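**Student:** As a plain string of letters, each chain reads:
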Amino acid sequence: MAECVECGADVPLHDDLESGEIIDCATCGVELEVIDVNPPVLDRAPELEEDWGE
Amino acid sequence: MAECVECGADVPLHDDLESGEIIDCATCGVELEVIDVNPPVLDRAPELEEDWGE
Amino acid sequence: MAAATEEQTAESVSALSTTVIGASGYTGGELLRLLSGHPNFEVAQATSREYANKTVGSVHPNLRGTGLRFSEPDDLDSVDVLFAATPHGVSMEHVDEFKESADTVVDLSADFRLETEAEYDEWYDGHVCPEYLDEAVYALPEIFREELPGAELIAAGGCNATATILGLYPLFDAGILSGSEQIVVDVKVGSSEGGASPSKASSHVERSGIVRPYAPTGHRHEAEIEAILDTSVSFTAHAVDMVRGASATSHVFPDSPVSKGDLWKAYRSCYEEEPFVRLVAGGSGVYRYPEPKAVAGTNNAEVGFELDPSNKRVVVFSAIDNLMKGSAGQAVHAANVALGFEETAGLEFQGLHPVGSP
Amino acid sequence: MAAATEEQTAESVSALSTTVIGASGYTGGELLRLLSGHPNFEVAQATSREYANKTVGSVHPNLRGTGLRFSEPDDLDSVDVLFAATPHGVSMEHVDEFKESADTVVDLSADFRLETEAEYDEWYDGHVCPEYLDEAVYALPEIFREELPGAELIAAGGCNATATILGLYPLFDAGILSGSEQIVVDVKVGSSEGGASPSKASSHVERSGIVRPYAPTGHRHEAEIEAILDTSVSFTAHAVDMVRGASATSHVFPDSPVSKGDLWKAYRSCYEEEPFVRLVAGGSGVYRYPEPKAVAGTNNAEVGFELDPSNKRVVVFSAIDNLMKGSAGQAVHAANVALGFEETAGLEFQGLHPVGSP
Amino acid sequence: MAAATEEQTAESVSALSTTVIGASGYTGGELLRLLSGHPNFEVAQATSREYANKTVGSVHPNLRGTGLRFSEPDDLDSVDVLFAATPHGVSMEHVDEFKESADTVVDLSADFRLETEAEYDEWYDGHVCPEYLDEAVYALPEIFREELPGAELIAAGGCNATATILGLYPLFDAGILSGSEQIVVDVKVGSSEGGASPSKASSHVERSGIVRPYAPTGHRHEAEIEAILDTSVSFTAHAVDMVRGASATSHVFPDSPVSKGDLWKAYRSCYEEEPFVRLVAGGSGVYRYPEPKAVAGTNNAEVGFELDPSNKRVVVFSAIDNLMKGSAGQAVHAANVALGFEETAGLEFQGLHPVGSP
Amino acid sequence: MAAATEEQTAESVSALSTTVIGASGYTGGELLRLLSGHPNFEVAQATSREYANKTVGSVHPNLRGTGLRFSEPDDLDSVDVLFAATPHGVSMEHVDEFKESADTVVDLSADFRLETEAEYDEWYDGHVCPEYLDEAVYALPEIFREELPGAELIAAGGCNATATILGLYPLFDAGILSGSEQIVVDVKVGSSEGGASPSKASSHVERSGIVRPYAPTGHRHEAEIEAILDTSVSFTAHAVDMVRGASATSHVFPDSPVSKGDLWKAYRSCYEEEPFVRLVAGGSGVYRYPEPKAVAGTNNAEVGFELDPSNKRVVVFSAIDNLMKGSAGQAVHAANVALGFEETAGLEFQGLHPVGSP
Ligand SMILES: NC(=O)c1ccc[n+]([C@@H]2O[C@H](COP(=O)([O-])OP(=O)(O)OC[C@H]3O[C@@H](n4cnc5c(N)ncnc54)[C@H](OP(=O)(O)O)[C@@H]3O)[C@@H](O)[C@H]2O)c1
Ligand SMILES: NC(=O)c1ccc[n+]([C@@H]2O[C@H](COP(=O)([O-])OP(=O)(O)OC[C@H]3O[C@@H](n4cnc5c(N)ncnc54)[C@H](OP(=O)(O)O)[C@@H]3O)[C@@H](O)[C@H]2O)c1
Ligand SMILES: NC(=O)c1ccc[n+]([C@@H]2O[C@H](COP(=O)([O-])OP(=O)(O)OC[C@H]3O[C@@H](n4cnc5c(N)ncnc54)[C@H](OP(=O)(O)O)[C@@H]3O)[C@@H](O)[C@H]2O)c1
Ligand SMILES: NC(=O)c1ccc[n+]([C@@H]2O[C@H](COP(=O)([O-])OP(=O)(O)OC[C@H]3O[C@@H](n4cnc5c(N)ncnc54)[C@H](OP(=O)(O)O)[C@@H]3O)[C@@H](O)[C@H]2O)c1
Ligand SMILES: [Zn+2]
Ligand SMILES: [Zn+2]
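Chains as they are written, first to last, in UniProt numbering: chain E, 1 to 54; chain Z, 1 to 54; chain F, 1 to 358; chain Y, 1 to 358; chain H, 1 to 358; chain W, 1 to 358.
Hints were generated in silico from the structure; no laboratory data involved.
Please note that the accuracy of each hint is not assured.
Stated by the list, open to error - With a cut-off of at most 30 Å between alpha-carbon atoms, the simulated DSS-like pairs for lysine-lysine come out as follows:
{"#": "1", "chain 1": "Y", "residue 1": "200", "chain 2": "W", "residue 2": "54"}
{"#": "2", "chain 1": "W", "residue 1": "260", "chain 2": "F", "residue 2": "200"}
{"#": "3", "chain 1": "H", "residue 1": "312", "chain 2": "H", "residue 2": "260"}
{"#": "4", "chain 1": "W", "residue 1": "312", "chain 2": "F", "residue 2": "312"}
{"#": "5", "chain 1": "H", "residue 1": "54", "chain 2": "W", "residue 2": "260"}
{"#": "6", "chain 1": "H", "residue 1": "200", "chain 2": "H", "residue 2": "265"}
{"#": "7", "chain 1": "Y", "residue 1": "200", "chain 2": "Y", "residue 2": "265"}
{"#": "8", "chain 1": "H", "residue 1": "312", "chain 2": "Y", "residue 2": "312"}
{"#": "9", "chain 1": "W", "residue 1": "312", "chain 2": "W", "residue 2": "265"}
{"#": "10", "chain 1": "F", "residue 1": "312", "chain 2": "F", "residue 2": "265"}
{"#": "11", "chain 1": "Y", "residue 1": "260", "chain 2": "H", "residue 2": "200"}
{"#": "12", "chain 1": "W", "residue 1": "200", "chain 2": "F", "residue 2": "260"}
{"#": "13", "chain 1": "H", "residue 1": "312", "chain 2": "F", "residue 2": "200"}
{"#": "14", "chain 1": "W", "residue 1": "312", "chain 2": "W", "residue 2": "260"}
{"#": "15", "chain 1": "W", "residue 1": "54", "chain 2": "W", "residue 2": "200"}
{"#": "16", "chain 1": "Y", "residue 1": "260", "chain 2": "Y", "residue 2": "312"}
{"#": "17", "chain 1": "H", "residue 1": "54", "chain 2": "H", "residue 2": "200"}
{"#": "18", "chain 1": "H", "residue 1": "260", "chain 2": "W", "residue 2": "54"}
{"#": "19", "chain 1": "H", "residue 1": "54", "chain 2": "H", "residue 2": "99"}
{"#": "20", "chain 1": "W", "residue 1": "99", "chain 2": "H", "residue 2": "54"}
{"#": "21", "chain 1": "F", "residue 1": "260", "chain 2": "F", "residue 2": "200"}
{"#": "22", "chain 1": "W", "residue 1": "54", "chain 2": "H", "residue 2": "265"}
{"#": "23", "chain 1": "H", "residue 1": "260", "chain 2": "Y", "residue 2": "200"}
{"#": "24", "chain 1": "Y", "residue 1": "200", "chain 2": "W", "residue 2": "200"}
{"#": "25", "chain 1": "F", "residue 1": "200", "chain 2": "H", "residue 2": "54"}
{"#": "26", "chain 1": "W", "residue 1": "54", "chain 2": "W", "residue 2": "99"}
Note that this is a predicted model, so its numbers are computed, not measured.
Chain E extracted, bound-state conformation:
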């Protein structure tokens, strides 16, 4: 279990968590990168800026 850096909700973590893995917060949906595993540290994943092309 870790806390989402965006919305503060609890994020359940699976067992074989690996550093660098991306998961999304079920509350706010933000993509979180696993920075460290022991103890687990999450940060906002770098986002591919989606450009609508204008």
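Chains Z, F, Y, H and W with the ligands: place on chain E using the hints.
**Tutor:** For chains Z, F, Y, H and W with the ligands alone, kept in the frame of chain E given last:
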């Protein structure tokens, strides 16, 4: 109870049926006109031809 | 579906009989659909003047299975609950009949939403039974849940008002807004908001593909919003090319700086336990903020926000299905609360994906 | 909802665990929705290669409530039932794994719909496990209800094939058609038929507002239609501006004259007891013949017909939701029959009115 | 634009004055647009009973620039050419007035399209001036170009008839069809075909997202098709979600086998020199067969075909804009031919890409 | 069409040769359409890497008539004028080649719209030739008409920026706004804004029927708006279900009270003589305020406003076709001004009514 002239399904009739009343068959949806009440006789109601204007 | 136990219990205490007035209309049709799939209600009467004696399936093709036929509205049976889904002005003319024929009356029009005759006169055309205004409870359970149990006259909110209020309420509740700030509300709505009577502007030809300012200023739902949130709003509504859906974008400027964390706290504290509100603010994928099509056909509201650091603006998005959370669904939800049923009874449909423009 | 008793019974025998392969796709998403609202099933696994570890709600916004996350398809748990919703060619590569991990396999692709390797080769690209073709049962319960109970490999039908077959079947059943007549089938389909991978032709810009002949001749679903009805058909498909829906108009010319009464008799004798077929042929109001939007989101098929006295033609209309009766709904319906559940379990949604283009 | 020389010549001989009857309607509005951009015509009068004295821009927002106002139809000026864009039955009542006020009358309704009173009575409701039926020339220049010069009464074709005839004509012209074969015509049309009067079925809510069989059999345009091609057809029309456009898919079964080469020869021989017909049959990219949106707003028809080797079927596709090639554009084209103007004058717009659902 | 004299004059001085870079894209296709119908230009080259050697009609079906084929962009002929319709970042890499091959370069991307490198870096990703930023003239002739004649590098404005600026400019020009007021701009855009590359979010399935907040805050067009109007704006953009069109609703709160008369005066004084701006504010009928579909396919902008007496708000509406006034049309208009041609040359199309969602 009467038989639908279009699809042959039973059409339940309510008590205070009046001649000239229009009801639709619940099976085929066709509009039926009450021609006679005792015994009940139904016929296809004259349809307002819906013109799409072309 | 954990609902099986409640459903069964519900059926054993036998369902309440209901009348739907205005059942050939859009919200009336939704009421028929919801009530006929509801474990605690059964439809005894569905009125229509135009389609009296015809099957409800002849108007609402999704209800073709049922044998139910419309009846005239001037011939009301005694029932437990009556839902009125008529244009504003009709219910207030008939409210005494309605109350005589049913223990609980839920009205979907604007007739009993405001608190005073003066307010009604300002935004509408004169009230014939202002004495009921005080008694009536505004339906929105997220705000009026405590007042609903036992209510005998319930007024379901306006669709655009509901969308706007759900979006802004947490900011007031958390003290982020006080009521003196500038609030711009820019709303986009679907064509079913206009009801079932045809007109030139609402024909497929003229209404397809539009972004049409239909209420640049002075929309009547301002009255409800301002009454409930105790603030004034700058409200503009646009018609867009969808059938169901109301989407409110509120641009607000809090006096003190707020963080994303403050906002999440405010919204989670209001809505985390709410069965029909989903917070959608950012995230990944195609659906990152509230959208009407993600809630179409359901009683859900999506609410979300974004922070504009450059100028201290908070943008709040809220999306509902105008015929569900914006009227018939809200009415059933409120009736569930008023009558002590499971809140979500009859309202479990979760919507579709993929989906076009429902 | 009379289903309460069955539902409760069902829950007391505890729900079957299921895996959905291809759960990030369109039919896979529908399977998740249907199974999670189904009293006899619960979803244990939902696979996606692209979205592994993400919540299913990040792809399917209607499923935001559930905590379920996608997992990789190469890591299958043991379950009772496995549904595969992958492009054709995938299931046949993995069918042994599938059958090892589950007692019952329901495949939504074309891999097991045909009876012989030769047929598959003619219309597709070579089969890797033709030994299963004979074992597999075609899902459509209206025709194969007797063969489904106990089936361990079920092949859900193609959407356009399903629409066409449901429309024409009663004419063959009643002997009005024998298989030697000219049959023209003109189909109109929505964009969700194309699956979730983006392409230029399926972009909103290029696909809006179209009537686009996308399969003028040689559509692969002809294979299924001809196999099941034992006739050849002249088949053409057009893409039109809707998301869900397949509508088949079949123009047939019986050798002997038929009356409206003959037609009603043929169709009522096949479908009167069917829970998911509605006869819609004439009547009054706006919805007089089958239309996809009247069944969108549901497992219903609307079937109807009209008689052209001038030239002995019968025009048959049938409309389904391609993602429901045309795939995921048909798959669940068939699984219900195969496993002895209530046929309509999990498939009770009746659709919406009014509704745009779902 | 090579047209400059002709245009200039045209202007020097001064433009012909025109009246448009029914100018507040859909085809009437298109006539106003075309005529006001036409070098050889100028609009003197535009009639409407409902909007008399209002600017044409108040109804047709694209014409906002012009100062023109509607006038009453019972007060006709003397002009060179009169276009009548009224519902069928109106022109035949007023044809004497029309002919008195103008040298050339072009009627867009069905009143003068058929050749005999008997045919009119069979498909419509009784003719009040059958004596003009023989005189009137059917507009479609691809077929009646020789008969148009000097014609004083011109009947623009029906939109669905035009699409169908343009698709099938080359097969008859080349002797591939003789008139005794089975011909199935399955048509898809947009909402502007219905004209400007609102109704429940044509509201945005009810008409969005549809594939609706609106003329399963017995469509009146069969009369024109059968008269011009001298064959009977099995005709069915569906309403789909677009505003402009008619798309006809004709399924035909020639008695003798044909090759793709035969088909190309037949179509090229009829249409290669035609300014308003484009052959589109196969090719690459997104647009491989005729589609209404590729011709929307233009007077172009796209015509194409595909061969079904399995059963000797030829599928013919044709797509037009019902308000242009299907009525107002065809009318102006025919007037150009009748009066000796450049055929393409006023009809040069090539359409848009990308484009949604025009 | 009074343009004949100019056209003729124009042709006698022979048309200027042009290259379109990025001609397979959406704005590139519009440039081809406009230039090939323009009396003073002729297209010499149309580049595409993906479709090199294919006919332009294989991508843009409306241009099927022309024989033109795409060529590679790295092989540029010498021409009079070059239009670049490529994603931002491309033109700045190639501007030296462009300027070498043509006397006048018109760029449709964001590369040369801003005045300083710092601004570009703030909103985009680093500029490779900031030395041209000062030289480049922003295209919008309503504001920069005086600076365009003789310009050798022209930067067509962003579509949403253009809509917003045209709406707000008169309020600044008249001193009703000073730049210190709160300005909320709520924009609704069509799918062609996203360009021709397919993606999941822009598929027909996911993008149909939406009201989707796609740029809640921080939209890059803010940079242009703020630079040109010298004010900050609170900007939010929503994607809605149309293909062409950008509609900006600006909510502003002048410090001093204004009357409807003041507003009309401000807007008329700026736009009365403008060939491509139409004031639409109130009136009667279906189209009372600016709407994208009333200008679709044209270079027109509709601008209008309403006054909210209750709270001193002015709501400004502006609607354009993003591919025309919002890019290709604006580019051609600016080129007309820069090169001394008739301002409206090649841009005469008035749009359609009725029309769906163009
Ligand atoms: N549509 C929405 O999105 C929405 C959202 C929130 C609230 N509401 C409110 O809900 C109410 C109904 O809206 P709607 O959209 O469902 O309207 P609608 O489609 O026009 O339906 C109105 C219904 O009322 C009946 N009716 C009209 N006048 C009546 C009268 N004098 N006496 C008895 N019945 C009468 C009509 O049927 P017959 O003429 O056949 O009797 C029809 O069934 C309105 O007050 C509306 O403001 C609507
Ligand atoms: N759409 C319809 O209307 C319809 C109707 C009837 C039948 N069907 C059939 O149903 C099947 C699914 O159609 P759809 O429209 O749902 O397609 P879709 O949206 O493209 O989804 C396909 C799914 O399969 C997964 N997948 C693809 N290749 C895979 C592989 N090699 N191994 C494991 N998973 C793979 C994809 O996810 P990842 O790439 O993330 O793994 C995706 O979740 C097809 O066979 C189709 O013919 C579809
Ligand atoms: N729409 C199509 O796609 C299409 C295609 C081919 C042919 N057509 C034919 O073209 C004709 C016009 O169709 P439309 O779609 O343009 O119809 P529409 O939009 O309904 O317009 C009809 C016009 O006729 C006027 N009108 C009606 N009755 C009249 C009368 N008794 N006397 C004088 N004016 C009258 C109406 O205006 P006021 O009521 O204000 O006078 C209106 O301007 C019809 O005959 C139709 O069959 C239409
Ligand atoms: N769409 C709008 O509404 C709109 C409005 C205002 C401004 N704009 C601006 O106009 C420009 C074009 O937009 P669009 O919507 O037309 O985009 P688009 O449809 O994606 O077209 C871009 C074109 O550029 C070509 N291209 C891409 N990268 C290239 C490169 N490195 N070198 C040469 N050619 C390249 C592409 O063709 P190949 O890959 O085949 O070479 C394609 O033809 C953009 O800067 C956009 O911001 C667009
Ligand atoms: Zn979170
Ligand atoms: Zn019947």
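**Student:** If a hint holds in the structure, say so; if it does not, say that too.
**Tutor:** Hint by hint, here is what the structure shows:
With a CA separation close to 17 Å, the supplied pair residue 200 of chain Y and residue 54 of chain W stays within the 30 Å bound. Between residue 260 of chain W and residue 200 of chain F the alpha-carbon distance is near 28 Å, which keeps this suggested pair within the 30 Å criterion. The suggested pairing of residue 312 of chain H with residue 260 of chain H holds, with an alpha-carbon distance near 11 Å, which does not exceed 30 Å. Between residue 312 of chain W and residue 312 of chain F the CA atoms are separated by roughly 22 Å; this keeps the pair inside 30 Å, and the hint holds.
Taking the CA atoms of residue 54 of chain H and residue 260 of chain W, the gap is about 23 Å. The hint holds against a cut of 30 Å. At most 30 Å may separate the alpha-carbon atoms for a hinted pair to count; residue 200 of chain H and residue 265 of chain H exceed this at roughly 46 Å. For the hint linking residue 200 of chain Y to residue 265 of chain Y, the alpha-carbon distance of about 46 Å lies beyond 30 Å, and the restraint is violated. Taken as a hint, the residue 312 of chain H and residue 312 of chain Y pair is honoured in the structure, with Cα atoms around 22 Å apart against an allowance of 30 Å.
At roughly 18 Å between alpha-carbon atoms, residue 312 of chain W and residue 265 of chain W fall within 30 Å of each other, so this suggested pair holds. The straight-line distance between the Cα atoms of residue 312 of chain F and residue 265 of chain F is roughly 18 Å, inside the 30 Å bound, and the hint therefore holds. Proximity of residue 260 of chain Y to residue 200 of chain H is assessed by CA-CA distance (about 28 Å); at most 30 Å being required, the pair is judged to hold. About 28 Å separates the Cα atoms of residue 200 of chain W and residue 260 of chain F, which keeps this hinted pair within 30 Å; it holds.
Between residue 312 of chain H and residue 200 of chain F the CA atoms are separated by roughly 47 Å; this puts the pair beyond 30 Å, and the hint is violated. Under the criterion of a C-alpha separation no larger than 30 Å, the hint pairing residue 312 of chain W with residue 260 of chain W is consistent with the structure, at around 11 Å. With a C-alpha separation of about 27 Å, the suggested pair residue 54 of chain W and residue 200 of chain W falls inside the 30 Å cut-off, and the hint holds. A hinted pair counts as satisfied when its Cα atoms are at most 30 Å apart, and residue 260 of chain Y with residue 312 of chain Y qualifies at roughly 12 Å.
At most 30 Å may separate the alpha-carbon atoms for a hinted pair to count; residue 54 of chain H and residue 200 of chain H meet this at roughly 27 Å. Taken as a hint, the residue 260 of chain H and residue 54 of chain W pair is honoured in the structure, with Cα atoms around 23 Å apart against an allowance of 30 Å. Restraint check for residue 54 of chain H and residue 99 of chain H: the C-alpha separation of about 26 Å stays at or below 30 Å, so the hint holds. Proximity of residue 99 of chain W to residue 54 of chain H is assessed by CA-CA distance (about 52 Å); at most 30 Å being required, the pair is judged violated.
With a C-alpha separation of about 45 Å, the suggested pairing of residue 260 of chain F with residue 200 of chain F is violated against the 30 Å cut-off. Pair hint residue 54 of chain W plus residue 265 of chain H holds up; C-alpha atoms about 24 Å apart against a cutoff of 30 Å. Distance hint between residue 260 of chain H and residue 200 of chain Y is fulfilled; the C-alpha atoms sit about 28 Å from each other, no more than 30 Å. Under the criterion of a C-alpha separation no larger than 30 Å, the hint pairing residue 200 of chain Y with residue 200 of chain W is consistent with the structure, at around 11 Å.
In summary, the hint linking residue 200 of chain F to residue 54 of chain H is supported, as the alpha carbons are separated by about 17 Å, within the 30 Å threshold. With a CA separation close to 26 Å, the supplied pair residue 54 of chain W and residue 99 of chain W stays within the 30 Å bound.
The structure does not agree with the numbered hints 6, 7, 13, 20, 21 stated previously, though it agrees with the rest.
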